[in-house]
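Enquirer: Taking the hints into account, I'd like the entire structure generated from these sequences.
2 protein chains.
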Amino acid sequence: MGVVHILQTQSQMIAARAGRPIQLVAVSARDRGKDRGADLSAYDWEDSTSMLAAHNDIDLLVEVMGGEGGAALEAVETALGQGRHVVTANKALMARHGTALARHAEQHHVALRFEAGVAGGIPIVKALTEGMAANRMTRILGVLNGTCNYILTEMERTGGAYADILAEAQRLGYAEADPTFDVGGFDAAQKLALLTATAFSTQVDYGGIAVEGIDRVTLTDIRYAGEMGYRIKLLGIAHRTDAGVEQRMQPCLVPSDSALGQLDSVSNMVVLEGDPIGRTVYQGPGAGAGATASAVVADIIDIARGLVIPAFGVPASTLGKPVRAEGAVPAPYYLRLSVADRPGTLARVADALGRAGISIDRMRQTQHVEAMAPVLIVTHACLRSDLDTALADIEALDVSAGAPVAYRIEPL
Amino acid sequence: MGVVHILQTQSQMIAARAGRPIQLVAVSARDRGKDRGADLSAYDWEDSTSMLAAHNDIDLLVEVMGGEGGAALEAVETALGQGRHVVTANKALMARHGTALARHAEQHHVALRFEAGVAGGIPIVKALTEGMAANRMTRILGVLNGTCNYILTEMERTGGAYADILAEAQRLGYAEADPTFDVGGFDAAQKLALLTATAFSTQVDYGGIAVEGIDRVTLTDIRYAGEMGYRIKLLGIAHRTDAGVEQRMQPCLVPSDSALGQLDSVSNMVVLEGDPIGRTVYQGPGAGAGATASAVVADIIDIARGLVIPAFGVPASTLGKPVRAEGAVPAPYYLRLSVADRPGTLARVADALGRAGISIDRMRQTQHVEAMAPVLIVTHACLRSDLDTALADIEALDVSAGAPVAYRIEPL
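Protein sequence lines correspond, in order, to chains A and B. The opening position of the first sequence corresponds to residue 0 in numbering that gives the first Met the number 0, with each subsequent residue numbered one higher. The opening position of the second sequence corresponds to residue 0 in numbering that gives the first Met the number 0, with each subsequent residue numbered one higher.
Treat the hints loosely; a few may be bogus.
Each pair may be met inside one copy or between any two copies, as identical chains are not told apart.
Okay, derived cross-link-like pairs now, SDA-like style, lysine to any residue, Cα gap no bigger than 25 Å in a straight line [unchecked claim]:
1) Lys-320 with Met-12
2) Lys-320 with Ala-91
3) Lys-320 with Thr-8
4) Lys-320 with Leu-23
5) Lys-320 with Glu-105
6) Lys-33 with Trp-44
7) Lys-320 with Arg-102
8) Lys-320 with Gln-11
9) Lys-33 with Gln-169
10) Lys-320 with Asp-38
11) Lys-33 with Arg-215
12) Lys-320 with Ala-15
13) Lys-33 with Thr-8
14) Lys-320 with Gly-18
15) Lys-33 with Glu-73
16) Lys-320 with Ser-10
17) Lys-320 with Arg-19
18) Lys-320 with Ala-14
19) Lys-320 with Asp-220
Simulated from the structure, these hints should not be mistaken for lab results. Since we're looking at a predicted model, the values are computed, not measured.
Expert: Here it is as C-alpha cells:
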C-alpha cells in the first residue's frame with residue numbers, strides 16, 4: 000500500500016509535478032478487512048478487480064496483484080478495453096502477455112506502463128524507452144534479483160554454504176519460503192524479457208531465455224573466482240547479434256572491479272550499451288514497498304502529464320518477431336575440473352580443449368592433498384557449443400572426476 | 000554535429016519511437032564552410048541564430064552553441080517567444096538564466112529541455128523530473144566533471160603530481176588549454192545548480208554554491224586518504240535541510256568501496272537520495288559527441304511524443320526562492336597537519352579541536368624524518384564553522400607548520 004500512502008501524504012507535491020491532482024477513487028483487494036497501514040475508508044470498494052477496472056469514474060487502473068493470468072489479466076484487459084490507462088507492477092503478467100497487452104492498449108489509445116515490474120525503483124524502463132531513445136542498443140546486462148545477489152555476496156562475505164545463507168535470507172525476509180522463483184532465476188528472467196523487448200523493439204520472448212539459477216554455485220567457485228579477479232553474479236544478458244537476440248540468465252563471472260562486480264547485497268543494477276552513447280549504468284533498490292510505490296506513482300504522473308507512448312517504446316505492431324540466437328555470442332569461460340594428479344593429465348585436458356578450437360588464457364592447479372587435483376582454467380573467448388564438446392571429452396577421460404564446472408565470464 | 004548525424008542515419012528508428020518523423024529544416028553556425036563531418040547542404044542556412052530561431056518552418060530549436068548569454072540567449076529567447084520548443088546543451092546559459100527561461104517557455108506553452116547540459120549522456124534530468132517524481136528528494140551527490148575525475152584517478156594510479164597529470168590530460172584532449180573552468184569546479188557547479196533546482200523545486204542558484212577546485216589536491220593526501228579507506232573526488236553535493244539548501248562543489252573524501260569511490264577516469268556519476276525510494280545511482284559518459292547527441296535527440300523525441308512539462312518539473316512560478324544553508328550539514332573531516340615532533344604537541348592539537356566541540360574518530364602520526372611530523376586526523380561529524388575555529392587555533396600554535404589541510408568526508 001505504498002502507492003496509497005504516497006498519494007495520500009504527498010498529494011500537493013504530486014499535483015504540482017503532474018500538473019493536476021491525482022485522485023484515488025476506488026480500491027479492490029482480496030481481503031477488505033486486512034490492515035494495510037493506510038485508511039481506505041474514503042474510497043469506493045469493489046469486490047472484484049474487473050469491477051474496479053470497469054468503474055465508471057476512473058481514468059487509470061493500478062494493478063499490483065501479481066500473477067501471470069487470472070484476475071490480474073482480466074482486470075488489465077478490462078481496463079484497457081474500456082479506454083483506461085494501466086500501470087502495473089506485475090512482471091509475470093507482462094512477461095507472458097506483454098506484447099498482446101501493449102497492442103490492446105494502443106488500440107484503445109491508452110498507456111500501459113510497467114516500470115515497477117523491472118528492477119524495482121530504478122527508472123530503467125524510462126531510461127530505455129525515453130532516455131536512450133536516440134540510441135541503437137546492443138547489449139543489456141542486469142543483476143535483477145536482490146535475493147540472489149544477497150545470497151552470493153553473503154556466501155563470499157561470511158564463507159557460508161549456499162543452503163545456510165539461503166536459510167538466513169529466508170529468516171530475514173529476503174527470500175520466500177519456496178525460494179525457487181528467485182534462486183532458480185525465473186523472477187530475474189521475467190524482468191530481462193521485458194528489458195530485452197524494450198531495448199531491441201522485439202516481442203516479449205520469456206521462453207527464449209536460457210535460465211540457470213544460483214542453487215549450484217559453491218563457495219569453492221566463489222573463492223577461486225575471487226582469487227582470479229572475478230565475482231560470481233546471477234546475470235541477465237541480452238545481446239543483439241546479426242543472427243538475432245541472445246538472452247541468458249545465468250551465474251557469470253564479472254571483473255571484481257567492475258560496477259557489476261562491486262554490487263553488494265540486495266541492490267539491483269542494469270548496464271545498458273548502445274550506439275552512440277556507449278555504456279550507462281543504473282543502480283538502486285530492486286524491491287520493497289518504497290521502490291514499488293516510487294515506480295508506480297512515477298508512471299501515474301507521466302500519464303497525468305499526457306505522456307502516452309507505446310508500452311515498449313514503439314508501436315506493438317512493429318515489434319520484431321523474436322529471432323533466438325542462443326549461444327551466438329562467444330565469451331571466455333571459467334572452468335574448474337577435478338583431475339587425477341598424475342603426469343600427462345593436464346596435457347590431455349588442454350588437448351581436449353584444443354581439439355574443440357578453444358585456447359587457454361590461464362591455467363592453474365591449486366594446492367591439494369587428495370589424489371584428485373582441482374584445476375582452474377580461464378579460456379579465451381569461445382562458443383558455448385564448442386566448450387560443451389570439449390567438456391564432454393574431458394569428462395570421458397579416465398583422469399577426470401565428475402562433471403566440470405563452467406561459468407561464462409562476461410566481458411565488461 | 001552528432002545530433003545531425005543521428006537524425007540523418009537513424010531517421011527510421013527515431014520516427015518509430017517519436018511517433019512521427021523528425022525533420023531537420025535549417026541550420027546556423029558561425030562558420031558555414033567548416034567541415035562538420037555531416038552534409039548540411041540539404042538544409043536552409045541562416046546567418047544568425049536568432050534568424051534560425053525565428054525561422055517560419057520550425058517547431059523546435061536545438062541550441063548547442065554554448066555561452067551564458069549573447070547569441071545563445073538571444074536565440075533561445077527568440078524561439079521560446081515565438082512558441083517554439085527549445086532543446087539546449089548549454090549548462091552555462093541554464094545556470095545563469097534557467098529560471099527565467101523556464102518561465103518564458105511556460106508562458107508560451109512550449110518545452111525547454113537541457114538533458115545534455117548535465118552529466119552528458121546520463122538521463123539524469125529525466126530521472127529527477129520524471130523517474131523520481133513520486134519522491135521527496137533529500138540529497139544529490141555527483142561527480143560531474145570528467146576532466147577532474149580523470150586527473151584525480153590518474154594521480155593516484157601513476158603517482159604523478161597534479162601539474163604533470165593536467166598537462167597529460169591537455170595533451171590527450173581531456174582538458175582545455177585554459178583548464179580553469181574544469182579544474183576550478185565551475186563547470187561541475189553549473190551542472191549541480193541545475194540538478195539542485197530540479198531535485199528540490201527551487202530557482203536555479205548557481206551563485207549559492209561554495210566552489211572549490213582540485214588544483215590544490217596533492218598526491219600526499221590522495222595516498223593518505225587511500226590508506227584510510229577513502230578516495231578524493233571533486234564532489235557536487237546538494238542537501239535539503241530544514242534551514243534551506245546547502246550546495247557545495249569541493250574535493251571530498253568518499254569511501255573507496257562506494258560507487259562514487261570506485262568511479263574511474265572520465266565517467267560521471269550521480270547519486271540521488273529521496274523518500275520513499277532511498278538511493279539510486281546513475282553512471283555514464285559525461286561528455287563527448289555521442290553522449291551529447293544521445294541526450295539532445297532524446298529530448299527532441301520526448302517533445303515529438305507530446306511530453307511538454309515544465310523545465311524543472313514543476314511550474315517555474317512555483318519554484319521556491321533559494322534559501323542558502325551553507326555549512327548547515329555536519330560531516331566528518333579528514334585533516335592533515337604538520338606539527339613539531341615533540342612531547343605534548345598532539346595533546347595541544349586535540350585540545351584545540353575539543354574546545355571547538357569536535358571529537359576525534361581516528362588520529363595517526365605517520366613516519367617521518369624531519370622535525371615536523373605529519374599528523375592525520377579523522378573527526379567525528381562536526382560543522383565546518385567549528386572546524387574552522389579549531390584550525391585557526393591550531394595554526395596559531397607555535398607547534399604547527401603552515402595551514403592544515405581539511406577535506407570533508409561525505410557519508411555514503
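Enquirer: Each hint should be assessed against the structure and marked as holding or not.
Expert: Verification of the supplied hints:
1. In this homomeric assembly, Lys-320 and Met-12 come within 25 Å of each other (Cα to Cα) only across copies, at 16 Å, whereas the closest approach inside a single copy is 42 Å.
2. Taking identical chains as interchangeable, the C-alpha atoms of Lys-320 and Ala-91 lie at most 25 Å apart only when both belong to the same chain, with a minimum of 20 Å there against 45 Å between chains.
3. For the identical chains of this complex, Lys-320 and Thr-8 are inter-copy neighbours only, at 23 Å across copies versus 44 Å inside a copy, given an alpha-carbon limit of 25 Å.
4. With identical chains, the CA atoms of Lys-320 and Leu-23 are never at most 25 Å apart, being 38 Å at best within one copy and 31 Å at best between copies.
5. Taking the closest pair of Cα atoms, Lys-320 and Glu-105 come within 25 Å of each other only inside a single copy of the chain (18 Å); across copies the shortest separation is 42 Å, beyond that limit.
6. Proximity of Lys-33 to Trp-44 under the C-alpha cut-off of 25 Å is restricted to the intra-copy arrangement: shortest distance 13 Å within a copy versus 67 Å between copies.
7. Taking CA atoms no more than 25 Å apart as the test, Lys-320 paired with Arg-102 passes inside one copy only; the shortest distance there is 14 Å, against 45 Å between copies.
8. Taking identical chains as interchangeable, the C-alpha atoms of Lys-320 and Gln-11 lie at most 25 Å apart only when they sit on different chains, with a minimum of 18 Å there against 44 Å within one chain.
9. Proximity of Lys-33 and Gln-169 under a CA criterion of 25 Å is satisfied intra-copy only: 24 Å inside one chain copy versus 65 Å between copies.
10. Taking the shortest Cα distances, Lys-320 and Asp-38 never come within 25 Å of each other, neither inside one copy (46 Å) nor across copies (35 Å).
11. In this assembly of identical chains, Lys-33 and Arg-215 lie within 25 Å of each other by CA distance neither inside one copy nor across copies; the values are 39 Å within and 61 Å between.
12. In this homomeric assembly, Lys-320 and Ala-15 come within 25 Å of each other (Cα to Cα) only across copies, at 16 Å, whereas the closest approach inside a single copy is 41 Å.
13. For the identical chains of this complex, Lys-33 and Thr-8 are intra-copy neighbours only, at 21 Å inside a copy versus 56 Å across copies, given an alpha-carbon limit of 25 Å.
14. Proximity of Lys-320 to Gly-18 under the C-alpha cut-off of 25 Å is restricted to the inter-copy arrangement: shortest distance 20 Å between copies versus 38 Å within a copy.
15. In this assembly of identical chains, Lys-33 and Glu-73 lie within 25 Å of each other by CA distance solely inside one copy; the values are 23 Å within and 60 Å between copies.
16. In the homo-oligomer, the alpha carbons of Lys-320 and Ser-10 lie at most 25 Å apart only across protomers (21 Å), although the nearest pairing inside one protomer, at 42 Å, exceeds that limit.
17. When the C-alpha separation of Lys-320 and Arg-19 is checked against a cutoff of 25 Å, the pair qualifies only between copies, where the shortest distance is 22 Å, while the shortest distance within a copy is 39 Å.
18. In this assembly of identical chains, Lys-320 and Ala-14 lie within 25 Å of each other by CA distance solely across copies; the values are 20 Å between and 40 Å within a copy.
19. Taking identical chains as interchangeable, the C-alpha atoms of Lys-320 and Asp-220 are never at most 25 Å apart, the minima being 38 Å within one chain and 56 Å between chains.
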